[in-house]
Amino acid sequence: MMRKLEFILRRLLSFIFVLIGVSVITFFLSRVVPTNAAALYIGPRARPEDIERVSKQLGLDRPLPVQYAIYMRDLLHGDLGTSIGTKRPVLTEIVDRAPASLELLFTGMFLAALIGVPLGVLSARWQGKPLDVAVRTISIVGVSMPAFYLGLLLQILFFRNLDWLPLAGRVSTDLRFTNPIESITNFLILDALLTRNWVALKNAAIHLVLPALTLAAYPIGLIARMTRATMLEVLEQDYIRTARAYGIKDFIITYLYALKNAISPTLTVIGLTIAFALTGTFFVELIFTWPGLGLFTVRSLLNVDYPAIMGMTLFGATAYVIINLIVDVLQAWIDPRISLK
Amino acid sequence: MTAVPALSVELETQSTRTFRHVLSVIVRDPLSLASTIVIILFILIAIFAYQVAPYPAEGAGKTNVANTMLAPSAGHILGADRLGRDMFSCVIMGARPALIVPIGVVVFAILIGAPLGAIAGYKGGWVDEVIMRITDLFLAFPSLLLAMAITSALGRGLQNAAIALIISWWPWYTRLVRGVTISLRERYFVEAARATGVRDSVIILRHILPNTISPILVQATVDLGTVILAMGGLAFLGLGTQPPAPDWGLMVSEGRDYILKQWWISTFPGIAIFIVVLAFNLLGDTLRDIFDPRQYR
Amino acid sequence: MNKKSLLFTFLMVAVLMLSACGPAATPTLAATQPPAPTKPPTPVPPKVLKIANTATFTTWDPVKSFSTEAAYMGNMYEQLLRINPPGSAEKFTPLLAERWESNADGTVWTFYLRPNVKFHDGEPLTADAVKMSIEAAADHGGASFIWWMLDSIEVVDDLTVKFNLTTSAPIDLIASSLYGAWIVSPKALEAAAADENYFETGIEAGTGPYMLESYKADQEIVLTRFDDYWGGWQPGQFDKVLVVIVGEAITQQQMLEGGQVDLVTRIPNENLDTFRNNPNYTVYVEPSFFNYVGFFNTLRPPLDNAMVRQALSYAIPYDDIITIAVKGLGTQSRGPVPAGVWPWSADVKQYTYDLTKARQLLADAGFPNGGFSLKLTYAAENDTEAAFAPLIKDSFAQLGVDVTIEPMLWSQQWALSKSDPANAQDMFLLLYWPTYSDAGSDNLWSMFYWTAKPFFNLSYWKNDQFMALVDEAIAKTVTDPATSQVKYIEAMNLLVDEAPGLFFFDTMAVFVIPTYIEGFKYNLNYPFTQYFFYQLRSTK
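Residue numbers (this note's numbering), protein chains in the order written: chain L, -12 to 328; chain A, 3 to 299; chain S, 75 to 614.
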């Protein structure tokens, strides 16, 4: 117990250190930007006098360390600066768009686990057979396919050619007038569910399919491979052989015993894939015009909206660090054999 | 008594043996063989792009107005893009930034990361702490996000994208090499070397680093796939290679507006990315199976 | 969100995924008519116009507005009057002013306002409101320069306002401007004076037919009809307008084809045939006031030599550029003034694509085989410029002139051009449009009149003769248009001869309108207000 506490404490300390370092890096990055932030604030036809005036207003004429100090003070008050593109606080933008991305991420990761784990298990069970080969092919295709390309292909196939699924967006443009979803959590599926808005529920769900699938491709590949490998390892263990020897039905052995022990490494992989999924959202949200954090980040990067870029980078790194922390702690909890180094 | 030279000779023979072993495994597995051939093929194409491409100037960016949006046909088997440039040549010329640059990125990442990791693992103590803290700091960012932020700060372009990716990737090798170093540190031959008064730097160079080659190789092969995807992604977003220079990711992006009718502009570069990354992943799998079937990153 | 609800959500999603997969019974995207409600009978659903636009808001402040948000401003705000497309029976349409007049020499303009007009916030339209709005625009507006000649504004009575100028100017034209001429509710202006960011939370205070209902940054804008609009409402007009912000042209196109939206703002010219051959759509190709211009850095050798610039002007493949960049939907420019706007004239010269002449001139200038290199910058966001910059490069290469192309973010390109000319670009590609429909005091003056700190004069060119001609022409615009035109033509020909810039082409504006939308008419004087929603009706 003490070791676990010590472990958590150490992780927390390094977490804080890392966050500070992240803020320094992101701050430094965005101040090295060569463009004139004031000019961007005004618009494409900024005039020299206005640039000067807005420069002072944004504090761009102070020395760098002073700017950083101001930034850190604001940060600790929850102020991530004001987006140059939308003229609203960056934190507001993040909070507004987070549900869209989270909904996409959850669905994508859920699909990835839902599809990936059984595929991996089956592949291990029938090792060497055609099923195994098929699964391994799917996995490796999944991790090799560029996300932006896959999104385009799926769009063309399922929207353009087959007309099964919608092109872009979270809901149809009609919906907000015919069956508007009452906004409670901003998770559309959840809100539609809570308000028993079945038309909207179906609409939102089918809009989720393609983006979530595109996002899930890489994780599916990774999870299937990992699950397969761990299952293979576990299946060779003595206690499995013993269970088989006792004649316990194959099915039960495979799914219950082995899977239970394969969960821990699978969790690691899921934690890893979240990083890929996070960066995958940039492309998926761009292609499907999904109004989430990924699209916001891409647009901010292209427009050099420096408060937004800094805010998103900080947020992204923080989220990632937290997730890793959680995965590590979960792992340690589940499997006490894992070293708490 | 020269225990050190004898042992290092033993290590050297071991590595040649391993190399031959690797080759034989690859040759016998059809998928790995195919992947290796594809990789070598593309690398050769990248190096000899100007000789291989039927219209090398067009591949490099020269326009040919007469052929604008030409469909795949005789003389232009993959069609032409909006500026009339032969797609086949464009894809061939695009192999350079798609392959050579990521290889360079990974090499530099190794050159920076591996020695740091070896030093950290070998010295331990506060040197280790400092290096690991810095490594953790960079690893806190999802790689592509950091690369995007750096590219945006430095300015768009192939060079800056490459620099950004090197900065994002070196920590992985530090961590990897540190792990290997720590396990090697306690091995008897290292103890023996230390006992005979061999300098630390020599130990690291001659005994530790050579043993990190295989894990680095496995890691690098798989990383190449990821870096190629990352470069393509950055170019697709407009942060990487700038027009009119050739780049597969950029071509997919440029062809997107016309994908409904003139599908060839986006499709072929996308397939190229996929095939190359696939080849690296398959090869990486095989290498991983050979060297450490238990180790997963 | 705790684990249980997370799990619950996943399960529900899984169940839904399974039920929703497979061919939909009816494609949810084909119908634009609202489907039959599953709830108890609701009132008649509003008539909604759905538009996909690439443009989002740079600012909500009508005074500061100087960018693409004009697409919405033009529907929420009004000016005193609106200028009609060329060839219309009347030059202007009265809006907030019913009529107007000027004195003989055009230095005093009086506007008689329409009675009983209300702002969206309930305030009445008065001369005070006009005075406040224009003064704010002249003071700190994005387009404050259009009011440079304003001396004072007098409130004669509640509905009469007088503009006193320092010199003669066409205020009727200026007051119809796309920027800096919106009439804003005085209450809002006062609030904005106290708080600079008053409007940015998504507030508008105009008199126009549509009001802002809701706004999700970068995602969507919903406008709703202003019931008390002075123009009144007819059946068939739209109750609401939904604008979805979609950055990619190809997505917009597919949304149009799939019925997700009724109108779009960007379709790649190459894809127009899909709609030309489709009886459900009409394709309009109209002249516009957008043109593409290039600037030579006249301070940097060898571009300081007019002969070199002329040579390079003969080395531009004008027709190819139009073919490739806009699929033929453009015409080669005559100088920087787009065709159809004052003071364009067919008497202004044009270069042709003549490499022999180009080589000759270069040789005469002392560069027989070129031998110098140029840095060309363009806005990375602009696909059109990205398409024709390589054509320039390849053509110049034939002269032995090496061009490095550097796409930059517009704001970076802009900032670079304002830096020390020694370090700035050699060639600057620009998409331009006049703020109001006088391209003499706008295009000619803005782009080639020398000022100490260059605004749009990114060739840094200083030519006294040109400046004198333009000064005279501007001064005589109202009092002696004939002479003004003559002086302008002289100035433009001088410009073309000296070639401080390149004049590529005037673009055409393209619109794809479904046949069930009536009333569309493009007013090229308002390039960014592609659609005036009030004019549109649906026959569905």
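Hints are computed from structural coordinates only; laboratory data are not their basis.
C-beta: ideal position from N, C-alpha, C; glycine also.
Each hint should be verified, as a subset may be incorrect.
Partial list, computed: chain A residues near chain L (C-beta under 7 Å) [said to hold, decoys possible]:
{"no.": "1", "residue": "133"}
{"no.": "2", "residue": "134"}
{"no.": "3", "residue": "138"}
{"no.": "4", "residue": "139"}
{"no.": "5", "residue": "143"}
{"no.": "6", "residue": "147"}
{"no.": "7", "residue": "151"}
{"no.": "8", "residue": "155"}
{"no.": "9", "residue": "161"}
{"no.": "10", "residue": "231"}
{"no.": "11", "residue": "238"}
{"no.": "12", "residue": "276"}
{"no.": "13", "residue": "279"}
Hint-by-hint comparison with the structure:
1. The interface hint given for residue 133 of chain A is broken, as the beta carbon of that residue sits about 14 Å from the closest beta carbon of chain L, more than 7 Å.
2. Checking residue 134 of chain A against chain L: minimum C-beta separation of about 9 Å lies over 7 Å; hint violated.
3. Look at residue 138 of chain A: its Cβ gets to within about 6 Å of chain L, closer than 7 Å, so that hint holds up.
4. For residue 139 of chain A, the interface hint holds, the least distance from its beta-carbon to any beta-carbon of chain L being 4 Å, beneath 7 Å.
5. A distance limit of 7 Å between C-beta atoms decides the matter here; for residue 143 of chain A the minimum to chain L is near 5 Å, and the interface restraint holds.
6. Contact between residue 147 of chain A and chain L, as hinted, is supported at the beta carbon level, the nearest pair being about 5 Å apart and thus within 7 Å.
7. Satisfaction of the interface hint for residue 151 of chain A is found here, the shortest Cβ-Cβ separation to chain L being roughly 5 Å, below the 7 Å cut-off.
8. At about 4 Å, the closest approach between the beta carbon of residue 155 of chain A and any beta carbon in chain L falls short of 7 Å, and the interface hint on this residue holds.
9. At its closest, the beta carbon of residue 161 of chain A sits 15 Å from a beta carbon of chain L; the interface hint therefore is violated under the 7 Å criterion.
10. About 6 Å separates the beta-carbon of residue 231 of chain A from the nearest beta-carbon of chain L, less than 7 Å, and the hint is met.
11. With a cut of 7 Å, the hint placing residue 238 of chain A at the interface with chain L holds, because the nearest CB-to-CB distance is about 5 Å.
12. Checking residue 276 of chain A against chain L by beta carbon gives a least distance of about 6 Å; that is within 7 Å, so the hint holds.
13. The restraint placing residue 279 of chain A at the interface with chain L holds, with a minimum CB-CB distance near 4 Å, inside the 7 Å limit.
Figure legend: structure checked against the earlier numbered hints; hints not met, in rising order: 1, 2 and 9.
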